[in-house]
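> At position 126 of the sequence shown the residue is numbered 128 (my numbering), and the sequence of numbers has no breaks.
Honestly, I wouldn't trust all of these hints.
In silico lysine-lysine, DSS-like type, Cα no more than 30 Å apart, as pairs [said to hold, decoys possible]: (1) K85 / K191; (2) K148 / K48; (3) K233 / K106; (4) K106 / K75; (5) K148 / K233; (6) K48 / K75; (7) K106 / K48; (8) K75 / K233; (9) K75 / K191; (10) K233 / K85; (11) K106 / K85; (12) K191 / K233; (13) K148 / K106.
Using C-beta positions, here's what the derived DEER-type ranges look like [as the list claims (entries may be wrong)]: (14) D198 / A52: 19 to 29 Å; (15) D23 / P245: 28 to 38 Å; (16) T219 / S24: 33 to 43 Å; (17) G120 / D26: 19 to 29 Å; (18) V238 / R199: 13 to 23 Å; (19) V214 / D170: 27 to 37 Å.
None of these hints come from the bench; they were simulated from the model. Where a beta carbon is used, it is the ideal one built from N, C-alpha and C, also for glycine.
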Amino acid sequence: MSTNTQDHGPWPEGYARVVLDSVDSTMAEAARRAPDINGPTWIIAKTQTAARGRRGRAWVAPEGNLNATLIFKPEATAAEAAKRSFLAANALYAALAIYVSSDKLSLKWPNDVLLSGGKVAGILLESSGQGPFVDWLSIGVGVNLKHTPEGIADASFAPTSLAAAEGDVISPLDFLSTLADAYATQEAKLLRLGFDRIREDWLRNAARLGEVITARTGREDVTGIFDTIDKDGNLVLITGTGPRAISAADVFF
């Protein structure tokens, strides 16, 4: 998908890039810029002062790690827009596999990437819109490139970093070029082949597929065999009472 080149490597055609020294969060900045964007735009910041992750959790974002958000205006319902988390996960897997052996990587439902069993990257989606289609969608991506966050006591999976695993330090801008190109490829796949292909690619690299896992929904813990994700992106577990489709949960194994 790369057709033009910037200082940090090939960059996909039709995607803009905004580079900031510091911001409260790239997600918040994306929301502020949403009314004025004319095409898909990646926003990257060296540091974030109020980064956040899924379900409002704090996200530690020291300089040297990737803090970035893609904002764009897909012609999609809220449910269709939410499936972009799987596109982003596939793109992150492909980008990380440039720098580390792919057999060390896996995708944890709904939106994490694991490296040798530790969390190396996370994805956060936000959208806005009152009509049948979203007005805009932002995909926040945090990747531990240089630093392994410290002092995270409530993490389900201990954080790790690319540098800790491989010893190499990749600059955030270099990594973003790789990621942006991989994400553009995922959008092309979605357009031409549909979500089934995205789903198949995600499942190929899913952590603990076919094994017993637990999904904590906030109301209950559901334990069963991780069977698949369905056409809507729901986690499907085979339990003692039959299949269960789960739309939102934290996963443990």
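> Is 19 to 29 Å respected by the C-beta to C-beta distance linking D198 and A52?
Given about 38 Å between the Cβ atoms, the range is violated.
> With respect to the beta-carbon atoms only, verify the hint that T219 and S24 lie 33 to 43 Å apart.
holds (36 Å)
> Does K48 lie within 30 Å of K106 when you go C-alpha to C-alpha?
This hinted pair holds, its Cα atoms lying about 27 Å apart.
> Can the restraint linking K191 and K233 be considered satisfied, given a maximum Cα separation of 30 Å?
Status holds; Cα separation ~16 Å.
> Take a quick look at whether K148 and K233 sit within 30 Å of each other, Cα to Cα.
The given pair, whose Cα atoms are some 36 Å apart, is violated under the 30 Å limit.
> So does V214 sit 27 to 37 Å from D170, Cβ to Cβ?
Since V214 and D170 have Cβ atoms about 35 Å apart, the given range 27 to 37 Å holds.
> For the pair we were handed, K75 and K233, check the Cα-Cα distance against 30 Å.
It holds: about 22 Å lies between the C-alpha atoms, which stays within 30 Å.
> Has the hinted range 13 to 23 Å been met by the Cβ atoms of V238 and R199?
holds (18 Å)
> CB of D23 to CB of P245, is that within 28 to 38 Å?
violated (49 Å)
> Sort out whether K75 lies within 30 Å of K106, counting only the CA atoms.
violated (34 Å)
> Is K233 within 30 Å of K106, Cα to Cα?
It holds: about 27 Å lies between the C-alpha atoms, which stays within 30 Å.
> Assuming the hint says 19 to 29 Å, is it satisfied by the Cβ distance from G120 to D26 or not?
holds (27 Å)
The structure is inconsistent with the numbered hints 4, 5, 14, 15, although it conforms to all the rest.
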